Amino acid sequence: MTDKYVREGKEFITIRGARMHNLKNVSVSIPRSRFVVITGVSGSGKSSLAFDTLYAEGHRRYVESLSSYARQFTGKLSKPDVDFISGLAPAIAIQQKVTSRNSRSTVGTSTEIYDYLKLLFARIGKTYSPISGKLVKRHTVSDVVDYVTSLEEGMRFLLAFTYQPGEGRSIADALKILKQQGYVRLFDEGNVIKIDDYEPKKENLIKIVVDRGTTGPADEEELSRLADSVQTAFFEGRGSCELIFPDHPEYNQVFSNQFSEDGIQFEEPTVHLFSFNTSYGACPTCEGWGSVIGIDESLVIPDQNLSIFDGCVAPWRTEGMRTWLAEVIKGAEKTGLPIHKPYRMLTPEQRDMLWKGSRYFSGINDFFKEIESNLHKIQYRVLLSRYRGRTTCPDCKGSRLRKEAHYVKVQGYSISQLAEMQADELLRLINSWTFEPHEAKIAERLLIEITSRLQYLCDVGLGYLTLNRRSDTLSGGETQRIQLTTSLGSSLVGSMYILDEPSIGLHSRDTERLIGILKRLKALGNTVIVVEHDEDVMLASDYLIDMGPGAGSFGGQVVFAGEPSELKNADSLTAQYLTGKLEIEIPKVRRKPLDFIVIEEAYQNNLKSVTARLAVGCLNAVTGVSGSGKSTLINEILYPAVLRALDLPGEKPGLHKAVHIPKKFIKKVEFVDQNPIGKSSRSNPVTYIKAFDGIRELFANQKLSMMRGYSARHFSFNVPGGRCEACEGEGIITVEMQFMADVHLVCEECNGQRYKKDVLEVKVQDKSIYDVLEMTIDDAFDFFRSIGADRIANQLKPLIDVGLGYVKLGQSGSTLSGGEAQRLKLATFLAHGGNSEPTLFIFDEPTTGLHFHDVKKLLDALNALIAKGHTIVVIEHHPDVIKCADWIVDLGPEGGTGGGELLFEGTPEELLQCERSYTAKYLAKKLIPAGV
Numbered sequence: 000m001t002d003k004y005v006r007e008g009k010e011f012i013t014i015r016g017a018r019m020h021n022l023k024n025v026s027v028s029i030p031r032s033r034f035v036v037i038t039g040v041s042g043s044g045k046s047s048l049a050f051d052t053l054y055a056e057g058h059r060r061y062v063e064s065l066s067s068y069a070r071q072f073t074g075k076l077s078k079p080d081v082d083f084i085s086g087l088a089p090a091i092a093i094q095q096k097v098t099s100r101n102s103r104s105t106v107g108t109s110t111e112i113y114d115y116l117k118l119l120f121a122r123i124g125k126t127y128s129p130i131s132g133k134l135v136k137r138h139t140v141s142d143v144v145d146y147v148t149s150l151e152e153g154m155r156f157l158l159a160f161t162y163q164p165g166e167g168r169s170i171a172d173a174l175k176i177l178k179q180q181g182y183v184r185l186f187d188e189g190n191v192i193k194i195d196d197y198e199p200k201k202e203n204l205i206k207i208v209v210d211r212g213t214t215g216p217a218d219e220e221e222l223s224r225l226a227d228s229v230q231t232a233f234f235e236g237r238g239s240c241e242l243i244f245p246d247h248p249e250y251n252q253v254f255s256n257q258f259s260e261d262g263i264q265f266e267e268p269t270v271h272l273f274s275f276n277t278s279y280g281a282c283p284t285c286e287g288w289g290s291v292i293g294i295d296e297s298l299v300i301p302d303q304n305l306s307i308f309d310g311c312v313a314p315w316r317t318e319g320m321r322t323w324l325a326e327v328i329k330g331a332e333k334t335g336l337p338i339h340k341p342y343r344m345l346t347p348e349q350r351d352m353l354w355k356g357s358r359y360f361s362g363i364n365d366f367f368k369e370i371e372s373n374l375h376k377i378q379y380r381v382l383l384s385r386y387r388g389r390t391t392c393p394d395c396k397g398s399r400l401r402k403e404a405h406y407v408k409v410q411g412y413s414i415s416q417l418a419e420m421q422a423d424e425l426l427r428l429i430n431s432w433t434f435e436p437h438e439a440k441i442a443e444r445l446l447i448e449i450t451s452r453l454q455y456l457c458d459v460g461l462g463y464l465t466l467n468r469r470s471d472t473l474s475g476g477e478t479q480r481i482q483l484t485t486s487l488g489s490s491l492v493g494s495m496y497i498l499d500e501p502s503i504g505l506h507s508r509d510t511e512r513l514i515g516i517l518k519r520l521k522a523l524g525n526t527v528i529v530v531e532h533d534e535d536v537m538l539a540s541d542y543l544i545d546m547g548p549g550a551g552s553f554g555g556q557v558v559f560a561g562e563p564s565e566l567k568n569a570d571s572l573t574a575q576y577l578t579g580k581l582e583i584e585i586p587k588v589r590r591k592p593l594d595f596i597v598i599e600e601a602y603q604n605n606l607k608s609v610t611a612r613l614a615v616g617c618l619n620a621v622t623g624v625s626g627s628g629k630s631t632l633i634n635e636i637l638y639p640a641v642l643r644a645l646d647l648p649g650e651k652p653g654l655h656k657a658v659h660i661p662k663k664f665i666k667k668v669e670f671v672d673q674n675p676i677g678k679s680s681r682s683n684p685v686t687y688i689k690a691f692d693g694i695r696e697l698f699a700n701q702k703l704s705m706m707r708g709y710s711a712r713h714f715s716f717n718v719p720g721g722r723c724e725a726c727e728g729e730g731i732i733t734v735e736m737q738f739m740a741d742v743h744l745v746c747e748e749c750n751g752q753r754y755k756k757d758v759l760e761v762k763v764q765d766k767s768i769y770d771v772l773e774m775t776i777d778d779a780f781d782f783f784r785s786i787g788a789d790r791i792a793n794q795l796k797p798l799i800d801v802g803l804g805y806v807k808l809g810q811s812g813s814t815l816s817g818g819e820a821q822r823l824k825l826a827t828f829l830a831h832g833g834n835s836e837p838t839l840f841i842f843d844e845p846t847t848g849l850h851f852h853d854v855k856k857l858l859d860a861l862n863a864l865i866a867k868g869h870t871i872v873v874i875e876h877h878p879d880v881i882k883c884a885d886w887i888v889d890l891g892p893e894g895g896t897g898g899g900e901l902l903f904e905g906t907p908e909e910l911l912q913c914e915r916s917y918t919a920k921y922l923a924k925k926l927i928p929a930g931v
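FYI, in numbering that gives the first Met the number 0 the residues of the sequence shown are 0 to 931.
Be a bit skeptical, because a hint or two may be false.
Stated by the list, open to error - Below, simulated EDC-like cross-link-like pairs (lysine to aspartate or glutamate); rule was C-alpha separation at most 16 Å, straight line:
hint	residue 1	residue 2
1	Lys125	Glu403
2	Lys591	Glu266
3	Lys924	Glu419
4	Lys175	Glu198
5	Lys23	Asp114
6	Lys656	Glu584
7	Lys125	Glu435
8	Lys408	Glu419
9	Lys125	Glu266
10	Lys125	Glu267
11	Lys924	Glu582
12	Lys856	Glu836
13	Lys355	Asp394
For the record, the hints were derived by calculation from the structure and aren't laboratory data. Treat the numbers as computed from the prediction; the structure is a model and nothing was measured.
Build out the structure end to end from the sequences listed, making use of the hints.
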């Protein structure tokens, strides 16, 4: 154990003897209330130090501090393998994982912005009648008196209330009772009549006069009398009274203290009225989900480039249904509906007319009502099933709220309108609002909370998100930055924040904002510890800890700890790349495209009719700031469109005109994403690359195996035979705890080794099958080479080539990060797909979680694929990958509605001339020093 990087004092968090995973008795001090970056090559032990040691111990100590009653619900947390940690603060971990799979959770609810908006609308929201647009107000006695005194002097008025006799009581009986109560007159058909002279009619509504007077200024006695009369009128009229001006009926006014207008009783604004997660506020049709099973517009109109005349309505293309189309065409001229314009270019009003119909023709909704009325016929049931799917709720239009919530507005906007805006647009709007003094006092604190959180969202590069965006549709990086926004909003001090690569998915422009956020979190008095590979984040830190020197068994040591400025004296891979001693070289020659893939007029999500080209036989980088439309263009349009063009099964492509591919050079397409390699804990790298078959055969061919009659299946933990049956080859026993998290215990039968003792006695060079599965890929490669098992070693080589040498052969696939899973898939293609037909490979941010040195290995692997005749498309922010690309497609200029434009397509050198591109600005730092 070395104390080289240990500092004493209260201002440090000191770790001594950390041995989690591959950590080799690490001792290091981390300065408190500072911005600290832990870096190093992939698998060097960064996460083991930050999360499995620091956070795990901080979390365990917090749980131990709870009462015994509270601890029974949390379970016992095991102590990390470390001698001791001093100076530890309360720990908060913000990781990349998508934490919410609940489709009710949104960006607004997870950042608490929506909660403050609900309170704002409940406190100062004004309700407007959907019929007349009038403000709905609960009137008081003062409102009536003020109205009378505000009018010009001398106009006669009557104060009356509408009397409705109870059930079973005649009007004559009612009038007799009213007379006994002291009422003398009533108002009927424009005349004031004495109750004694009134002849009852069949109608059961009569207006009883409470008082008479004239408008204008009045003395205190007159005002007091009028106020008493109004109070009486409200009481007798069940909350409603009326001022009648016989000579000036235009001034007649009805007042109500019942919060009603236009004959409608409205709901008074409360917080629950605006909550779609409660039965009170949720839309009754979709129950707060925002979508229902119904007629799916995307199925009815599969190609929005077609016009009504050309048959954009799919069910009307058949011979038997053409009469519906003919009726629309015939009536279109009278309604002004353009039948030759593409459906996507129709205005919302014109689309509405096509769906709902008009007086001259029946619409699509009428067509499906007709179909539904004939469901006793099987052909109609089949027809209807083709066009049903999950679609936006027709009542709440996806807002999830009951209709009454939309009547309440602040500054002319309903809460659902605000939730549909992008965070940056909403921030600008709210900052422009002005309130009356009374409202301003109520709203002041709420607006501070709302605008500060919106500003944080924008600062971490998420200004393009809307508040109603579902949390389960966010990427891991977006989820982490939203958690960071929530943490900033809570304004905690004296805590220890541990973040796992928050720059993932961020353009270099947005990384600068992120650094500002991290420094702001530090300024509050917190210790900010970031596991990171980004060069800008490292250089901006106060303290840098570099793990290494290698990965896996070659890592697990602190090779440098100090200020970034001192790094130049360190002997580590990180130092060599940051100081320029090592670098990812710019290709001497850019490859020339063999042909082009053309995406024509893409307009899905925020794309603005983008037509872009991708170079065949080259490394293509699709770039742009976060939210500019990269994933939409490639993942939602290009990939499914190429699948369809090659007659392969896949999802329906996003909205676009056409995708043209040169089939001579593209025979297959592979989308290499960051999803886990398997949902089961049994999936692991060695089974995924098909190397386990050879390993099992090797063990089955040993003398002891042959003597005992063991076959290759005895060395599989997935089938009965040689596996431990107590845990069925899992190595752990899972105990279900019902409402609590499941507890995972090491199997007592096999002690976590997965196999029966007899099977573990079979060894190759003193290594059992369990020992081999516990090896890192680097160690396993050397082991199999040393015993002459070159076929197995060659299967493992691609994993080393993509920088996964530190991963254990038997490591559960569910524990691999998104970047590791993606590189494992890449290794499989290198091993098995290198000599296959020309393929289009699509990668979504393959540099996720990679050190400079690993990025270099990744580029070598991608170039190896291209050398074998394949085409690569990567969605990427990493400047070193962008500078090595042969062809760049840059989208922007901003995210969300401010993006979706094609800014540039061409070589990296040509991109530097594009003034609108943020990518060009940051790429120049990588290209210009090299003499370009």
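Against the structure, the hints:
For the hint pairing Lys125 with Glu403, the CA-to-CA distance comes to about 12 Å; that is within 16 Å, so the pair holds. Only pairs whose Cα atoms come within 16 Å are accepted, and Lys591 paired with Glu266 is rejected, the gap being roughly 67 Å. Distance hint between Lys924 and Glu419 is unfulfilled; the C-alpha atoms sit about 38 Å from each other, more than 16 Å. Between Lys175 and Glu198 the alpha-carbon distance is near 12 Å, which keeps this suggested pair within the 16 Å criterion.
In summary, the hint linking Lys23 to Asp114 is not supported, as the alpha carbons are separated by about 47 Å, beyond the 16 Å threshold. At roughly 39 Å between alpha-carbon atoms, Lys656 and Glu584 are farther apart than 16 Å, so this suggested pair is violated. Straight-line distance between C-alpha atoms of Lys125 and Glu435 comes to about 13 Å, which keeps the hinted pair within the 16 Å bound. Distance check on the hinted pair: Lys408 and Glu419 sit about 15 Å apart at the alpha-carbon level, within 16 Å; holds.
Only pairs whose Cα atoms come within 16 Å are accepted, and Lys125 paired with Glu266 is accepted, the gap being roughly 11 Å. Between Lys125 and Glu267 the CA atoms are separated by roughly 9 Å; this keeps the pair inside 16 Å, and the hint holds. At roughly 13 Å between alpha-carbon atoms, Lys924 and Glu582 fall within 16 Å of each other, so this suggested pair holds. Note on Lys856 and Glu836: the hinted pairing is violated, with a Cα-Cα distance of about 24 Å set against a maximum of 16 Å.
At most 16 Å may separate the alpha-carbon atoms for a hinted pair to count; Lys355 and Asp394 meet this at roughly 14 Å.
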